[in-house]
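2 protein chains.
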Amino acid sequence: MSPPAATEINGSSPPIRSKPSSTPHPLSPLSAAEIQSAASLIHALFPATVDLHFKTITLHEPPKASVLPFLAAERSGDPTPSLPRHAFVNYYIRNTNRLHEAIVELSSASVVQNKLLPKNYHAPADSEELIDLEKIALADPSVQAAIAKLQLPEGTVVVLDPWIYGSDGVDDDERMHQCLMYMRDPSNSEEVDSNYYALPLPISPVMSAVDHRVVRVDVVPTGRDNAIKELGKTTVYPANEYLPEYQTLRTDLKPLQMVQPEGASFTVTEAGETSVLEWQKWRMRVGFNMREGPVLHDISYEGRPLFYRVALAEMNVPYADPRSPFHRKSAFDLGDVGAGLMANNLKLGCDCLGSIHYLNSVLSDTKGKPLPMENVICIHEQDGGIGWKHTNFRTGRAAVVRQRQLVVQTIMTVANYEYIVAFIFNQAGEFTFEVRATGILSTQPIDEGLSVPWGTVVHPGVLAVHHQHIFSLRVDPHLDGQSNRVVYDEASPMPKSDFNPHGNGYEVHTTPITQSGGYDLDPLRNRLFKIQNAGVKNPINGLPVAYKIVPPPFQFTLSDPSSFNHKRAEFSDHNIYVVKYVDHELYPGGQYTNQSRGGTGVRSWANRKENVLDEDLVVYVQMGINHVPRIEDFPVMPVETLQCHFKPVNFFTKNPAMDVPPSEQRFNQSTLVSAQHCQPGVEGVVTAEGTVETNGSACCN
Amino acid sequence: MSPPAATEINGSSPPIRSKPSSTPHPLSPLSAAEIQSAASLIHALFPATVDLHFKTITLHEPPKASVLPFLAAERSGDPTPSLPRHAFVNYYIRNTNRLHEAIVELSSASVVQNKLLPKNYHAPADSEELIDLEKIALADPSVQAAIAKLQLPEGTVVVLDPWIYGSDGVDDDERMHQCLMYMRDPSNSEEVDSNYYALPLPISPVMSAVDHRVVRVDVVPTGRDNAIKELGKTTVYPANEYLPEYQTLRTDLKPLQMVQPEGASFTVTEAGETSVLEWQKWRMRVGFNMREGPVLHDISYEGRPLFYRVALAEMNVPYADPRSPFHRKSAFDLGDVGAGLMANNLKLGCDCLGSIHYLNSVLSDTKGKPLPMENVICIHEQDGGIGWKHTNFRTGRAAVVRQRQLVVQTIMTVANYEYIVAFIFNQAGEFTFEVRATGILSTQPIDEGLSVPWGTVVHPGVLAVHHQHIFSLRVDPHLDGQSNRVVYDEASPMPKSDFNPHGNGYEVHTTPITQSGGYDLDPLRNRLFKIQNAGVKNPINGLPVAYKIVPPPFQFTLSDPSSFNHKRAEFSDHNIYVVKYVDHELYPGGQYTNQSRGGTGVRSWANRKENVLDEDLVVYVQMGINHVPRIEDFPVMPVETLQCHFKPVNFFTKNPAMDVPPSEQRFNQSTLVSAQHCQPGVEGVVTAEGTVETNGSACCN
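Chains A and B are the protein sequences, given in the same order.
For the first sequence, the residue numbers in full-length UniProt numbering are 1 to 701.
For the second sequence, the residue numbers in full-length UniProt numbering are 1 to 701.
Note that these hints are calculated values from the structure, not bench results.
Any given hint could turn out to be false.
When chains are identical, the list treats them as one kind, so a pair holds in a single copy or across two.
Stated by the list, open to error - Derived lysine to aspartate or glutamate pairs resembling EDC-like cross-links, with alpha carbons at most 16 Å apart:
no. : residue 1 : residue 2
1   : 115       : 101
2   : 135       : 640
3   : 233       : 447
4   : 367       : 225
Since the model is a prediction, treat every value here as computed from it, not as a measurement.
With these hints in hand, go ahead and build the complete structure from the sequences.
Written as structure tokens, this is what we have:
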């Protein structure tokens with residue numbers, strides 16, 4: 001299917017800018033005016049009667065080759081070249097399967113590309129459509145008939161979460177939704193925030209995403225096999241609410257406040273939609289878009305460039321239940337919905353402590369109108385414990401500094417689950433990408449007294465199926481320049497010999513990666529991946545400057561290599577992928593993940609077998625959780641934390657945190673517990689409050 | 001060599017107690033009076049003219065079989081049985097190789113066991129002896145002659161660190177020290193806290209630990225091979241100081257204080273040397289001894305026992321340089337010196353933030369006198385970020401709690417290195433053992449311009465050799481009772497079949513460990529070790545209650561299986577060891593690690609091939625760093641952090657942190673950066689300080 005030729009627009013209104021006098025930075029997310037302008041230009045391609053359903057209107061970043069001279073000029077204070085602004089747009093003709101992809105040049109107000117995409121290219125879901133689907137489904141006679149069979153208590157409120165349909169190759173060319181159904185606690189049906197995931201129902205309507213009709217009503221298996229039982233009277237188990245008003249709250253937790261009497265140590269300079277963040281020798285540009293949420297550009301330390309672009313690029317959550325319809329549960333939360341679209345509005349004093357700066361963003365709605373997103377990123381500092389310490393054992397003099405950290409955080413809600421995504425920087429030139437998984441397990445009904453090896457019963461009648469979370473972080477390095485390589489170190493014992501007679505010797509050797517491909521950790525060899533600039537040598541030891549990549553090992557996708565899961569999640573089978581940089585190759589599961597077929601992501605790019613030695617390259621770093629639910633993960637799971645560290649290796653000439661001021665009481669203002677609470681000790685037993693004399697620092701009488 | 005028979009002491013003075021009316025808790029560390037009493041009883045075994053050199057006087061814990069009924073009675077409020085108090089003592093007849101080991105019963109003032117240990121059993125080093133050795137070595141004519149050959153600038157101060165000698169089977173039966181030599185910056189020789197590790201010298205005296213004489217003066221290789229060059233004029237490279245007064249300190253770091261206006265949420269009840277710590281449903285007894293530093297006993301949650309005893313039990317630090325004398329560098333920092341003896345005196349506002357409670361301890365000196373150790377443990381709370389969160393995407397209502405953590409921390413200085421050891425508890429029933437490695441790399445001289453595959457040049461003329469840090473945490477579980485087992489889960493794909501036609505299915509199966517032995521992680525199978533009580537089932541899902549053990553994988557010892565390193569570090573070759581509980585088997589590298597020969601540690605115990613299924617068992621969990629130095633690790637390395645997590649698995653009936661009060665602004669008192677700093681924005685550029693309207697929460701004009 002060949003896309004229509006690019007179309008020029010004439011006579012449309014010029015793009016609107018809130019600050020028409022200033023040119024946006026080439027990496028700045030689209031402004032509200034730019035979004036509106038892009039939508040108008042697309043609208044103008046069609047007769048006024050055609051209703052368009054916009055899915056994405058986002059910055060189409062300029063080619064790196066044109067941005068690098070811009071950034072170099074910016075760094076040196078020279079006049080910056082003027083770069084044209086482009087928007088990437090995709091949209092349906094509403095209530096059709098006609099998905100279009102367009103590139104709009106905003107500067108010249110022209111649509112430079114507009115094509116109808118082939119079938120099996122499906123756009124992500126959006127909130128408007130999901131809410132509409134729920135309403136239609138619940139009003140549908142076939143769904144109502146199925147609900148009636150369950151003989152729920154009078155007044156029970158039924159809830160429906162439309163899921164992405166997934167792919168299995170069986171009648172799945174049309175864009176559809178598989179809906180999971182639950183009920184609120186029937187004894188408290190007015191509670192709009194009831195944890196309905198604790199009360200799953202065995203009905204699962206399938207709906208067309210095109211015209212929102214109910215295609216069929218699936219009944220799900222609830223036993224140990226794949227038999228489908230006839231719907232009948234539902235056992236109503238007790239609720240399991242997570243809201244605080246349903247708990248007997250602990251009363252012995254005292255406040256702990258992060259106080260920054262002189263304010264934060266970072267500065268954020270905002271111009272339009274772009275924010276330059278500077279802190280402790282770090283400098284970066286913080287952007288935000290619908291798909292990836294936060295995007296960090298042009299990260300440098302002490303003026304030395306480190307990374308051109310870093311963002312969470314995709315995740316895949318495949319489930320272990322092989323039975324229909326559950327076998328298709330395999331979410332790509334970024335590509336199927338969008339991390340930015342699902343970002344929480346972060347609240348002061350709830351999601352972060354200390355002196356907080358929030359960033360707002362603007363995305364687009366399905367009409368192509370700007371969608372303001374408030375407080376989608378919080379920026380704050382935190383204490384990371386001791387940063388380094390040494391005591392001279394002869395004199396007893398200690399030198400100690402604390403490790404201050406800068407956090408750039410966003411939180412997304414994907415129906416039941418939450419992901420807290422943070423980029424954490426410290427004063428030793430290190431940065432950490434962190435994901436905390438929390439929220440509510442995706443549940444399904446299970447018959448009383450049963451257990452199955454692909455899930456855990458987390459509440460009476462509730463099965464939480466095992467699943468994997470596989471995250472892919474896209475790292476576009478620029479370590480002291482564009483020509484980088486990825487190498488790996490391995491430590492191996494020296495053979496016993498005259499040189500190593502006692503068998504203690506071992507060596508570290510470095511292997512460069514020359515060809516694009518997927519590569520894996522090997523903890524037993526201490527295999528360590530590093531991004532290196534072979535052309536820049538450390539002035540003291542002559543070794544090439546590098547940053548190491550330290551992700552935790554994980555179990556790769558458990559889905560069969562022949563499965564759709566495996567074909568679609570192209571990043572899910574290796575710890576890292578190294579590929580040659582190509583403009584606009586950003587998503588390792590492909591641009592369109594919804595009901596995708598594979599063949600458009602990072603495994604395919606790696607198969608180009610390109611040279612990646614001393615090239616402009618991109619690294620995709622994967623982290624994963626094989627989530628075998630515990631009952632302790634319900635009703636809301638304690639955070640499960642994953643961290644990938646990036647640390648300098650022979651990049652500086654010493655510990656970059658040597659110049660951090662010492663950790664001292666006049667700065668930190670700590671308190672002795674004993675000095676705070678002057679309570680009499682019980683006779684014969686000295687309580688914490690009374691043992692002060694021996695500490696020599698406080699007295700309490 | 002058969003030890004002398006146990007000797008009864010008559011007529012010695014009764015043990016002294018500071019609080020004679022109260023009986024110490026059976027798990028309470030020895031008091032000063034008990035230490036004095038034990039020493040007196042040992043002294044009384046010998047004529048008054050015999051000078052004894054005490055190495056250890058510590059609590060000899062009562063047999064578990066007698067402590068368990070005591071703890072049960074204590075828990076239920078019943079009268080507790082009276083248990084005799086014992087001290088474990090080892091000592092030399094001063095300046096001999098005659099090492100004795102004794103057990104003293106304090107209650108009856110009797111020495112119940114006293115034996116001379118076989119040769120090749122050597123006691124640890126102690127600070128007094130190390131300081132004495134340095135003095136003697138520097139005054140020794142042969143050492144002075146070697147120094148003279150180096151032709152150091154006039155006034156240069158030479159420093160000598162006596163190291164443990166290590167084992168290689170070559171003339172190493174006598175207890176000795178290998179001394180590493182350095183100089184202070186010759187241009188600033190008055191600086192007593194100069195970083196002499198940046199200026200290593202090629203001389204290495206060997207000294208007898210018996211009579212402190214210099215046995216020989218080794219010259220160390222400084223090239224690429226093992227050739228020893230004749231000593232000659234030393235090149236003096238620039239210094240590399242770590243003290244703050246030698247740095248140009250950053251000036252843009254603003255204070256960040258942890259304020260707890262109502263005090264800490266924990267309580268410590270102290271009686272004599274024992275401290276009961278209670279916090280957020282956790283309760284434990286915090287002790288401290290010379291060898292292990294902090295020891296946690298009787299850890300319970302909501303009254304349910306979890307662990308009988310947890311402590312860092314040993315570590316091994318073998319180095320990669322195969323050349324003499326460096327091949328013997330293989331430190332056992334706990335067994336060779338003692339984590340408690342090396343504990344830092346922690347300072348308010350320097351080593352921890354917030355409301356701090358310090359614990360003091362009392363150890364013993366070489367005369368057998370009490371050695372007060374102040375502020376060796378700090379107890380404090382910290383904020384661990386978001387603990388759990390869920391937002392109802394339909395209503396936008398968020399439920400969020402923060403994760404408060406309780407930290408029990410100690411810091412030890414082992415000559416050049418520092419280890420920050422922390423036990424961290426949270427409100428979700430989880431506990432984490434954390435080690436942060438920091439301090440200064442052990443260095444040696446290297447000729448200019450060279451590089452070697454077993455080390456990194458971190459400063460001109462300074463080689464930091466690769467080395468491993470292998471830590472062993474001893475975990476004595478008591479999960480809802482004494483009969484526990486260790487099992488491991490593995491996830492594996494289901495074969496494709498009619499039941500799993502699309503190839504997404506996977507299962508988790510559990511394998512119990514039946515026999516004592518070493519067992520390993522396998523991230524590619526998601527192998528997960530759990531401590532289980534098979535006799536106690538979760539009331540909701542019927543699964544046995546368990547805690548999972550989640551340590552990071554690491555590269556096992558690289559030393560040849562035939563090497564002394566391998567034989568001695570018996571814990572260094574597996575992620576975990578599971579053995580049957582035996583009273584007083586505490587140290588996985590053996591009771592006496594100094595110049596040890598192996599055969600007395602956990603590998604040997606495991607080889608008893610005992611049943612560990614539903615038994616009283618002990619788990620040794622290993623964590624490791626293969627430290628391939630970066631130049632960024634010098635002069636003081638940024639913390640390298642290792643964590644092992646212990647988390648409940650079907651132990652509770654829901655997330656135990658559901659009852660944590662919600663994270664709210666009135667509790668957390670966070671601040672908008674914009675509300676703190678009212679500075680005018682630059683025209684056309686809105687700074688962080690001015691972007692307040694869109695946050696809706698503050699205004700700044």
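Of all the hints given earlier, name the ones this structure violates by number, lowest first.
2 and 4
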